[in-house]
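A.B. asks: Sequence:
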Amino acid sequence: MKIEDLISGKKDNDEINVEGYSLPVSSLKNLLEEGYEHLEPYKNEKTFSLWGKRCTGCLTGEQLRNRA
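So in this note's numbering, spot 24 of the sequence shown is number 410, and the numbers just go up one at a time.
It is worth saying that the hints were derived from the structure and are not from the lab. Keep in mind that a hint or two might mislead.
[Unchecked claim] Below, in silico cross-link-like pairs of lysine-lysine (BS3-like), each with a Cα-Cα straight-line distance of 27 Å or less:
#1 K432 to K397
#2 K429 to K396
#3 K415 to K396
#4 K439 to K397
#5 K388 to K432
#6 K388 to K439
#7 K415 to K439
#8 K388 to K415
#9 K429 to K415
#10 K432 to K396
#11 K415 to K432
#12 K397 to K429
#13 K415 to K397
#14 K429 to K439
#15 K439 to K396
#16 K429 to K388
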C-alpha cells in the first residue's frame, strides 16, 4: 500500500489502523520524508516491510510508532 494514500487528508496527530496496528500519521509522514513510499504489513510476523526508490526496511509496529 502507498503511504501517501494512507495518510491523505489526515492530520499529524491522527492515527490510522493498518492490520490491527494503530500507527501515527506523523511517523508515516516522517517515513515519506526519508524516501519510503510503500508499506506492506506482515501480520503473522508482526512487522512491516517498507520501500522506496532508494531505501528498504523492515520494522515492527512499535518501531514505527517510535518514529513519530
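A.B. asks: Now tell me if each hint is right for this structure.
C.D. replies: Hints and how they fare:
1. Using a Cα cut-off of 27 Å, the hinted pair K432 and K397 holds, with the two alpha carbons roughly 25 Å apart.
2. For a cut-off of 27 Å, the pair hint linking K429 to K396 stands: about 24 Å separates their Cα positions.
3. A C-alpha spacing of about 10 Å is found between K415 and K396, which places the hinted pair at or below 27 Å, so the restraint holds.
4. As the CA atoms of K439 and K397 are separated by approximately 25 Å, the hinted pair is consistent with the 27 Å bound.
5. With a CA separation close to 19 Å, the supplied pair K388 and K432 stays within the 27 Å bound.
6. Using a Cα cut-off of 27 Å, the hinted pair K388 and K439 holds, with the two alpha carbons roughly 13 Å apart.
7. As the CA atoms of K415 and K439 are separated by approximately 16 Å, the hinted pair is consistent with the 27 Å bound.
8. For a cut-off of 27 Å, the pair hint linking K388 to K415 stands: about 12 Å separates their Cα positions.
9. Between K429 and K415, the direct Cα distance comes to roughly 22 Å. Compliance with the 27 Å bound is thereby established for this hinted pair.
10. At roughly 24 Å between alpha-carbon atoms, K432 and K396 fall within 27 Å of each other, so this suggested pair holds.
11. Among the hinted pairs, K415 with K432 is consistent with the structure: their alpha-carbon atoms are about 21 Å apart, no more than 27 Å.
12. A C-alpha spacing of about 25 Å is found between K397 and K429, which places the hinted pair at or below 27 Å, so the restraint holds.
13. For a cut-off of 27 Å, the pair hint linking K415 to K397 stands: about 10 Å separates their Cα positions.
14. A C-alpha spacing of about 24 Å is found between K429 and K439, which places the hinted pair at or below 27 Å, so the restraint holds.
15. A C-alpha spacing of about 24 Å is found between K439 and K396, which places the hinted pair at or below 27 Å, so the restraint holds.
16. As the CA atoms of K429 and K388 are separated by approximately 17 Å, the hinted pair is consistent with the 27 Å bound.
When each numbered hint is compared with the structure, no violation occurs for any of them.
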